[in-house]
Structures are given as C-alpha cells and as structure tokens.
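One-letter residues, chain by chain:
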Amino acid sequence: MKTDRTGSRDTTWVVLEPHDTVHVRDGRQFSSRDSNTALAETVTPRPSTIAGALASAYGGDLAAVRGPVLGKKDTSGVWRPYFSVPSDVVAAKNRESVYRLTVGSAVHDTDLADLKGAPESLLELPPQVLTKMEPVQGWMSGRSLSSYLRGTLFQNHALKRSRLGMPDDEEPLVPEHRIGIALQDRRVRPGYLYQATHLRPRDGWAFLAEVVPPPERTGLARSTVALGGISRLAEVTALPTGSVAWPQGPEDFPGGRVLLYVATPALWPDGWRPPLPPEATLVAAALGDPIPVATASPKRGFNRTRTLRWAVPPGSVYLIRLPEDTAAATAASWHGRALAPSADWTIPSDGEPHPPTDAPRLDTAGFGIVLTGVWT
Amino acid sequence: MTAFLLYLYAESPLHPGAAASDGALDLPIQREKSTNYPLIWGQSLKGALRQAARDAGWSTSQQKEVFGSEVSDEEESTPGKLAVGDAQLVALPVPTLRRSFAWATSQLALSRLARKYTIIGRGDTVPTIPNTDGKEGACGRGEWGGASPEVLGPCLVKLQRPGGGDNTPDPVTDWAKLLASDAVGDADHLSAFASKLAKDLLVVGSEPMSVLLRECTEFSVRVQLHPERKQVVEGPFTSEYLPAETILAAVLTLRGTPSPETVQRLRGLLHGSLLQVGGDETLGKGLVWTRIVEGNRNG
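The listed protein sequences correspond, in order, to chains A and B.
To convert, note that position 362 of the first sequence is 362 in full-length UniProt numbering; the numbers rise steadily by one, no gaps.
To convert, note that position 51 of the second sequence is 51 in full-length UniProt numbering; the numbers rise steadily by one, no gaps.
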C-alpha cells in the first residue's frame, strides 16, 4: 500500500484473476438472433462490475476504485498493465508503420462548428501520409503508453508497429460463444434457448485496478468473489507496493499543451466532452465509438437503480491548452484519477455537497480515469 | 465460502455439445477458443448437478438454496449459493502401441489443475509441474520412456524420464499418484484404473498435445431410419465425444455461509457418484464418476 498522490488516502493495486471465463452483459435486452435463439451482447467488465467485485472482496464499498485495466504477468511474476491504444494512433491495414494524428485545419468549415463545446481544430494525418488509415485497435504496454504521453514514442508522428508494445499473442480476452438451454422433464424447454458470449482471458492475463479502501477496512475480507454474471468467480490479490503504477506522464507541458488520455470508460455530464476548468481550451479530440455501460445495485434495488448509459471509450484522447504557468500542476492533479468534479465526491471537503445517497456511485467506481501527456 | 474440487471420470463417452458446427463436424464438443482444449461449460455442468439433485430427491427449497430458482416467466429469478466453474480437461486417454492406452496431459492442464488446488486452499499439496513445452514429453520413472520415441495416437513423442535414483524427484509419477487417489479413488470398480493411471500418465509437450486433443476424441456418424421402409430419413450427421476414461476437474464454490447440512448434502450427492452430463443420455453417453476433494479455505 502506498500513500495516495493527494496525500489523503492510501491506495493499493489489486489483480482480479477469473477462475475461467467472464460474462458481463451490456445491459441491453436479449435480441432475437433468429426465431428460436435469444442473443446476449457481452462486453469487457466495466468499472462498476470490477468495483462491485472489489466491494465484496473488501467487505463493503470502497472510497474509490480506479480501473480496470488489463494486466499480464511477466516471466518474473510481476503484473504489467496494458491500456487501449490511443485513438489518435492510426495505421493502414497490414502495414508495419503507424502514425499519430496531428492538429490540422480549423473546424469552422465543418459541421463540428455547430456543436456546443466543439474543439478548435481537426486531427489529421501527417502531411507526408496519403494512404487510407484506420485507428489501431488493441492494447499497448504501460511502458509504451508512458513514452507516448511524454511525447517520445513517435518520431515525426511515425513509428514501427512493433514498438507500440502490443502483446505478442492475439487478443488477450478470447470470446467463446455458448449456447444455454433450460431443461424440463429431461428435455430442452421450448423457448429457453439463448446464446451468450463469454470472454476467456488467455493464461497470464487478468484485470488490474487501484483501490482506495476506507481507513476501517484496509485489507481484503475475502479473496474469492463473483465477477460478472452467472456466478463466475475470480480471485482477488493485493499486489506488493510499487509493483504496478499508472504510466508516468511528463513533468513539463510546453505551451500549456496537455493531452488527456481516457484510461477507463468515462461518463461525463456533457457526454463526450470532459469536464474541463474554464481556463482550458479544447483544441482537438480523437474518440472511439461510444460504449454501453449498464449499472445496477442489488442492495439498493436492482430495478430502481438500473441504468444504461453511453460512455466515452478507453483510448480516447483530448488535446487541451491550459495557461502555461499552471498546466503542470493541473495535469498532475488529473493524472491517474477521475476528472473533477466526480472525483471530489469521494472525499467531500467542507462546504462541498455530498453525493446523493440514492445515486449510483459511478464517480468512485473507476469510470473516467484519465492520464495526462503532451501533444505537439 | 466453501470451495471443493470436483473430479469427473468418464465412464462412457461424453458429449457436452458446442454452440455451432465445426466444418464437416455437425455436433462438436465444447472447447476453449483460446487453447482448443475440451471442457464442460460451467452452465452445462451446473444443469447436470441440478438434475442429479432432483433425481436424488432433494426438496424444491433445497434445490433452490443451492442451485437457485428455476427459470420462470412469472417470477424474478433468485441465485443459488453454488457457483460452478468450467470443468477443464486434466487428462485424455490416447491409444498407444503398448499398455493399450495412456493418459496424456500437459504442462498447461496440470498448471490449471494446480491453480484449482490453490483456489480451494490445497495448493501446497500438488507436485511440481514438469516443464515439457514443445515437441517432447515427460514420463515417470517406470513403464515409459527410453531411447525410442513412444507412439501416442498419431504422434511419435520422445519422453524424458527423470534422472537419478529412486530418491530423486519424479514429478510425473507424483502427479499420477495424486490423480489416481483424488480423481479415480480406490473403490473396487475403479481400483484397476487407478493403478493403471498411477503408471500410465504422460505429460506431453504443447505441439503433440494439440494434435492429440483433435485426433483422440471419438467421432460417430449417425442416421435415422424410417421405421417401416428402413431408409435413411435423417442424416448422416457426425457427433464428437470425449472418450471414456477422460478426466476433467471443476471448482465448486458454496458462497456465503452454507449450513453444515447443505455442505454434507452436496458432498453426498457428488462424492463417489455416477452422474449424467451432456447430451445423448438415451444412447448411454455422458456417464461420469464423480469425486470431491475437500477444500481447506474459507473466504
């Protein structure tokens, strides 16, 4: 356990290792694939699913959870975090070179100009690149992401794909399609046939999260917890202090240019736009497709607290301009945390409102964790 | 929270049916997407356990406490205390040129089994895992191995025997004895197989194992005849089965604080029993002997 960067709380990184597969539905109704089979959409565990499992592991709600991110155990037994490849990293299909988008023309000639809170500029391919490009999908190591954030990974906005730090094996979470039935009198019950997709982490892969336990419950109460649906279980283990950390960002932000990287799905009051202070200017942004996030609290009433929202996906990036003299301090206060004001709900200061007791505590459940870097 | 390890030992071929056909194979068995290892999905196994409880005369409330409510259009479902993990492959019988057959396992399968023992709090009881990644394999200091490769199904596999004398480590034999004891047991009707398993477990490298996993399952071509004309009216269609003598294992977890009576009832249902799992029940398929390994961990 180490002291939180704010000095207010201690934090611990934990690993959640599923016993076998993970099954997390996206909250939408079963869809009818054909006349006989219902189809359940499945997603990677959202922060609220992880936070629920960790609350069970710690014997009660945590002050905050920051994650999940993917983790891979290296040959020495140390867990290494992996993150979504930033959305401004693009490549042509089957090509070895990848490129980082650069700030281009102003948006005032486009439809975006009519959008409330629109960024100033578009992100465009570097001038020397003419081929059609797509965002690079997948995961990259924390070390490579740190280099990206510090602005040292790309040279002239180009890079060999092999230097992105993507895992050698294929997708870490392998989908498995499973048929489910209900039996009645030893026969398949008519109308009770469904198909669901489970995700099986490859050997050595798991989920990592940083937790802020309350002072009265700093240790794990139990290590085996339910994770996701249909009674799938996972082992929770607290990791040694300092063995896992958020990728380091830069210390200097020339020109007040701050890049905001979304590490976990973000639910913000303004939808796609992060809650920025008045002095911040949104210069450009690269966002992936929105992802569905369903939450519910069995304790507070499943149906009463059930919500389905659309979140900004991990890997999205925002290019921001801040006053140069305060940029470093502001970026440091954001790095590895949920953006204010949601983060402040964790530990209200004097005079600040407490969160409504009935509201889902999405802000402390790991949504909207951001990392900061530089852009040019 | 109380965790058990449940071993399944196939008395007859098993057909845990997959979600979709696989090329020319109409009815394949369930396999992991990432490794191609056969398994029984936790949901399928849980359904089989629930059916066993029904057949054993458990009351409706006893079934509901352990397995949850039955699916219903009228009532909201309630979860049961029992979480059933996937039953993963431990060892697969493969034909050999001597001793009729042997059980093939792998570093991956044993690592997963060791993990299951750790989950139930018995991780300190498992032997070390032989390092056999690649083309070769490992065997115990007994019947197998030597200068020539062994024929395992369609594969020719060089098996490394442990060096040194009788007092030096022999992890494959240690694993074989553990499985003979925990997975098969010493009941009269299975003791001969336990003795054979103690001698005939082979740890196969990942390359030949991937071939054995595909080639050493059973395939059955079936048709349906017209009752009077005796002509084929349905089929042919091909089904895949895990062969008899296959060994699988799953972790069962009773969540919360189950009463001693509930734990004892489940233990009585599953220790030393003959269970029906998977499809083709009326063809005699899917019979498995079950054994419970007690956990040593709470929370």
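Keep in mind that the hints are not guaranteed to be accurate.
The calculated label-pair distances, taken between Cβ atoms and stated as ranges, are [said to hold, decoys possible]: (1) B:T118 to A:P254: 23 to 29 Å; (2) B:S69 to A:E216: 34 to 40 Å; (3) A:A245 to B:P154: 47 to 53 Å.
In case anyone wonders, no lab produced these hints; they're calculated from the structure.
All of these numbers come straight from a predicted model, not from anything done at the bench.
By construction, the Cβ of each residue, glycine as well, lies at the ideal position given by its N, Cα and C atoms.
A quick look at each hint next to the structure:
| no. | hint | result |
| --- | --- | --- |
| 1 | B:T118 to A:P254: 23 to 29 Å | violated (50 Å) |
| 2 | B:S69 to A:E216: 34 to 40 Å | holds (36 Å) |
| 3 | A:A245 to B:P154: 47 to 53 Å | holds (49 Å) |
Violated hint for the displayed structure: number 1, the only one.
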